[in-house]
Structure formats: C-alpha cells, structure tokens
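Can you make the complete structure from the sequences, with help from the hints?
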Amino acid sequence: MRVVAREGPRVVLAVLGVAVVVWLVIKAAQGGSTFLQVTLNGITLAALYFVVAAGFTLIFGLMRVVNMAHGSLYLFGGYLAYVAQTHWYSGGTSQFQLGPTNNIGVMGFFVPLVFATFVIGLVGLGIQQLFLRWNQGQDLRQALITIAISVIFADQMIAHYGGVVESIQAPTSWPSSILIGSFRYPFFRVVVVLGAALLIGLLLFLLIRRTLFGMIVRAGVDDRAMLSALGVNVQLVFAGAFFIGAMLAGLAGVLGGTMISVGPGLDTQFLLDALIVVIIGGMGSLPGAAIGALALGLVQSYSTIYLHFGSVNLTNYGILASFVLVIAVLAVRPLGLFGRPA
Amino acid sequence: MNDGELLEVEALNAYYGPAHVLHGLNFTVGEEPVSIIGRNGMGKSTMCYAIIGMHPSRVSGSVRFGGLELVGKPSYKIARAGLALVPQGRRLFGSLSVDEHLKIAGRKGNGQWDARRIYELFPRLAKRRNSGATQLSGGEQQMLAVGRALLGHPKLLIMDEPSEGLAPRIVDELVETILRLAEEGVRILLVEQNLGVATAIAERHLVMIAGEIAAELTSAELTSDPELQRRYLGVEPLSG
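In order, the protein sequences belong to chains A and B. Residues 64 to 405, numbered by our numbering, are exactly what the first sequence covers, in order. Residues 317 to 556, numbered by our numbering, are exactly what the second sequence covers, in order.
Think of the hints as simulated: they come from the structure by calculation, not from any bench. This structure is a prediction, so every number in the text was calculated from the model and none was measured. Be aware that one or more of the hints could be misleading.
[As the list claims (entries may be wrong)] From the structure, some residues in chain B lie toward chain A, with a derived Cβ separation under 8 angstroms:
id: 1; residue: I368
id: 2; residue: M370
id: 3; residue: R374
id: 4; residue: P390
id: 5; residue: Y392
id: 6; residue: A395
id: 7; residue: P403
id: 8; residue: S411
id: 9; residue: A421
id: 10; residue: K424
Ideal Cβ positions, reconstructed from N, Cα and C, are used throughout, including at glycine.
Shown next, in the form of structure tokens:
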C-alpha cells in the first residue's frame with residue numbers, strides 16, 4: 064500500500080505526460096507548419112521568461128529574497144524605454160502622442176534599451192538598500208514590503224503612463240519577418256529576443272562560473288555567514304547581484320515591450336510567470352530557470368492552440384495548464400527540477 | 317590591558333533568541349596556544365562564532381583583539397582585522413573547487429600567505445585543486461578549511477574541533493601542521509574534545525561547562541588526573 068501511495072502520483076503524471084506527448088505528435092503530423100509556428104511562439108516566449116526569471120532567481124539564490132516587485136521592474140523598464148523612444152527619437156510631445164517621425168533608427172531602439180536597463184538596475188538597487196537590507200532574513204517582511212512596492216508602482220505607472228497598451232518600436236531598418244521554411248515569422252521574436260536570451264544565458268554562465276564575482280556569489284549561495292567570516296563584504300556582493308537582477312528585469316521589459324506590448328497588468332502577469340519558472344526550475348538555479356522557462360513557454364503556447372478535442376474547445380482554460388505543470392513538477396520534485404534545500 | 321595578550325574576552329554573553337548560551341566568559345589568548353575543552357553542547361562553537369561575529373542573535377560583553385573592540389562589528393571586518401576561523405564541520409562551499417576556495421579567500425595585504433604557499437603546505441590539495449570541495453576526503457577538507465583561513469593572513473587562528481571525524485594518522489599530520497604554524501607566529505585558539513590533540517598543541521587548557529569557564533588547567537594537570545578528565549570531558553581517561 065505504501066508503495067502505491069508513493070508511486071501513485073508518479074504513475075498518474077507519467078500517463079499524463081505520455082498522453083500530452085502523443086497528442087502533440089498527432090497535432091504535429093496533422094499540420095507541420097502550424098505546429099512549428101506554435102513551437103516557435105513557445106520558445107520565443109520562453110526566451111523572454113528566461114531573461115525575467117534569471118534576474119529573479121539570481122536574487123533569490125543569493126539573498127533568499129523573493130522580490131515580489133520584480134514584475135514592476137519589468138513593466139517600468141518597458142515604460143521607460145517607450146517614453147525615452149517617443150520623446151527622444153520620434154518627436155513625441157507626451158507619452159500618449161507619437162511624433163510625426165515614425166522612422167526609428169538603430170540608435171532609437173538601443174539607446175532607450177540601455178537607458179531603461181541601467182535605470183531599472185539603479186531602481187532595484189535603491190529598493191534593496193532602502194527597504195530590504197535591514198530586513199535581512201525576514202522573509203515575510205521582505206515579501207510584504209516588495210508587494211507594497213509593486214502595488215504603488217502599478218498605480219503610479221497607470222497615473223503617469225495611462226491605461227492604453229503601447230509598444231516599443233524596433234528599428235525600422237530591421238525586417239519585420241523572416242522566412243522559415245514555408246512561413247514567415249516575426250524577426251524580432253525569433254532573432255532578437257531569442258538571441259538576447261541565449262547571449263544573456265551565456266554571459267551569466269561565464270559570470271557565475273569563471274569570474275571572481277561569480278565564485279563569491281556561489282560561495283554566498285552555499286554559506287554566506289562563512290563567506291563573510293573570510294573577510295568578504297557580503298553586503299557589497301548582495302548589492303551587485305541585486306543590481307544585475309533588476310537590470311535583467313528592466314531589459315526583459317524592453318524586449319517584451321517590443322515583442323508584445325507595455326500596458327497595465329503585465330507587471331503581475333510577468334511576476335507570476337517568473338515565479339512559476341523558478342518554482343519549476345528550482346529557486347536559485349540558473350539552468351533551472353532556463354528549463355523552467357522553456358517548459359512554461361511551450362505549455363502556454365501549446366495549450367492556447369491545441370486544447371481542442373473534436374468539438375470541445377478548452378483553449379479558454381489554457382491558462383490552467385501552467386498550474387498543472389507546476390503541480391506536476393512539484394509532485395515529483397518538491398524543490399523544483401534543480402532545486403536544493405536552503 | 318596586559319601587553320602581549322592578543323585576544324581579551326571579557327564578560328562575553330551570547331544568546332540564541334531567548335536561550336542564554338554563554339554566561340560571561342573571561343579569558344585571554346597570548347603568544348602561547350590555548351585550548352578550550354569541554355563536552356558537546358557546552359557552548360564552545362557558539363563562543364567561536366561569537367568572537368568572529370557570525371551566528372548568535374545577540375552578543376554582549378567585550379572581545380578586544382589587539383586593542384580593537386570586536387563585539388558589534390560585522391564578521392568581514394573582524395576577519396580583516398586578522399582573525400580567522402576553521403569552523404566545526406569545516407563549512408566548505410559545496411559548489412566551489414579547491415582552487416576557487418583559495419581564490420575567494422585570498423586577500424591582498426602585507427601577509428605572507430598565497431595559494432602557492434598553501435599548496436606547498438598541503439601538497440595533497442595541490443593534486444586536487446580542480447576537485448569540488450565535496451569530493452575531498454575528510455582530511456583534505458580539513459586542510460582546505462585551514463588553508464582557506466590562512467589566506468586571510470590571520471594573527472589568530474581559531475580552530476573548532478579540527479580533529480573531528482579524521483583518521484588517527486591524519487590527526488597526527490594535522491597536529492604537526494598546527495605546531496608548525498604556531499612556530500611561524502600564527503597564534504592558536506583551539507577548541508577540542510580530543511585530549512591528545514589539545515595537549516599536543518597547547519599547554520594551557522580552559523574547561524568550558526554550560527557556557528562558563530569552569531577551570532583552567534595545564535597539560536600536566538589534565539593528563540595526570542583521570543578523574544578530572546572524566547568529570548570535565550566525560551571521556552575515558554587518556555591511556556599512556
């Protein structure tokens with residue numbers, strides 16, 4: 064009986080997993096190019112999730128801070144880049160009024176991107192120094208403080224940027240789509256966002272594995288009290304990691320704001336997505352964030368198209384698929400795929 | 317303040333939440349190695365952590381190190397002032413290799429220790445420089461913990477049960493290394509339950525019972541009196 068109780072969930076999940084795979088194979092066989100497009104949607108969405116979640120997981124892994132304002136940093140980054148672009152490069156008079164020149168050069172995209180990324184890094188650093196530093200080790204307080212910050216940010220952003228959904232423009236000189244096999248696919252999604260995610264993944268990997276800062280971060284994740292007793296000023300390391308983590312949120316906001324949109328509500332949506340990604344992947348793990356992002360992106364993408372059984376259309380319930388994924392992973396690995404006990 | 321006393325602990329109290337663990341410790345460490353002995357749970361490790369500013373939630377009293385007050389300072393400043401800890405259980409970083417341990421612990425300064433000298437001191441570590449800390453044997457782990465501590469150029473090295481869990485032959489090697497370090501001028505505060513190790517390294521022994529220094533003994537007093545050993549340490553008398 065014991066064995067059944069323990070193995071039960073695994074058996075159910077294995078059956079479920081096999082069913083999902085079989086269903087996808089059938090769908091792929093029915094319409095190869097649609098399937099490829101849906102898969103690409105999932106992968107590019109995953110790339111965006113990875114950039115958001117990488118910063119989130121870096122901050123959590125080192126400081127054990129669940130930064131509930133991470134989604135706000137994401138959205139604020141998007142807005143900053145959008146406003147910078149309309150004001151500096153398209154002759155806009157206000158954030159609601161694009162100017163006459165709609166011709167955005169390469170600089171007109173990258174300057175706002177770098178500006179927003181850097182400013183969001185500083186905003187995150189400010190949050191950490193002002194509100195989190197003196198509450199170290201107090202998980203609940205930190206969670207409540209960052210939730211409060213996210214609520215204030217959300218209202219302030221509506222007050223300043225309005226409720227209209229906007230989007231940042233990619234450089235006009237870039238192609239809008241490229242030919243992949245038999246269909247055209249958005250260039251920005253598949254080249255820029257996916258490329259940026261791969262580049263960031265590689266850079267973070269090198270930073271963590273090869274540099275002295277990375278060694279210190281890893282040591283801090285293992286045992287930060289001992290690290291401090293070796294003469295390392297852990298607070299400086301924390302500040303650096305928070306700055307980098309927040310910058311990644313801001314950068315993701317710019318990428319997401321170009322690939323999809325900037326608008327109210329995206330802050331909580333992306334916070335939730337980042338949470339799901341790191342819960343699946345294991346909090347604090349970078350490879351976990353990559354795998355988790357891929358899993359979430361694909362599940363969301365497939366479930367909005369393929370939850371269609373004969374005449375029964377369940378695609379409206381697609382959002383539940385994300386949570387099925389979380390439950391399935393946690394049932395087998397309570398700490399996530401790459402999670403380690405704290 | 318006595319000249320020549322490097323570490324002066326005065327009325328040191330430490331608490332974990334409401335639990336009062338150290339009750340007004342008083343002792344000094346000068347040029348000669350000092351050992352603190354006592355059974356499990358008497359507060360020896362807490363004392364190490366309290367001195368270096370690591371764990372207890374509240375510490376009161378005074379710890380002066382070369383005239384500098386340490387209580388209330390963050391541990392990285394205490395470490396930079398010249399204090400290093402080889403903690404109980406070694407507390408190596410599981411995700412770092414041997415070489416990486418020595419890299420993050422290495423500090424510029426007028427000290428004499430660098431990774432090359434650590435590898436000279438422990439040739440076995442040099443062979444395993446790319447291994448992960450968790451792949452090392454107990455003895456190698458202890459060497460790495462000592463090497464890591466030395467890279468901070470400590471004036472005083474606090475070692476918390478360094479012989480714990482090591483094979484007798486490895487313990488002998490370790491004792492030799494510690495004696496060599498003491499000859500080179502590194503001062504030692506040793507916490508031990510192994511009387512053989514404690515008496516091999518230190519002449520002065522402080523017995524800790526329930527967070528207080530209950531007695532101060534010389535090696536001769538300690539080794540010659542089996543009853544004393546049984547009473548203070550709960551160990552069977554030292555044979556030979």
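Structure-based check of each hint:
{"no.": "1", "hint": "I368", "result": "holds (5 angstroms)"}
{"no.": "2", "hint": "M370", "result": "holds (5 angstroms)"}
{"no.": "3", "hint": "R374", "result": "violated (14 angstroms)"}
{"no.": "4", "hint": "P390", "result": "holds (7 angstroms)"}
{"no.": "5", "hint": "Y392", "result": "holds (5 angstroms)"}
{"no.": "6", "hint": "A395", "result": "holds (4 angstroms)"}
{"no.": "7", "hint": "P403", "result": "holds (7 angstroms)"}
{"no.": "8", "hint": "S411", "result": "holds (5 angstroms)"}
{"no.": "9", "hint": "A421", "result": "holds (5 angstroms)"}
{"no.": "10", "hint": "K424", "result": "violated (11 angstroms)"}
This entry does not satisfy hints 3, 10, going by the numbered hints stated previously.
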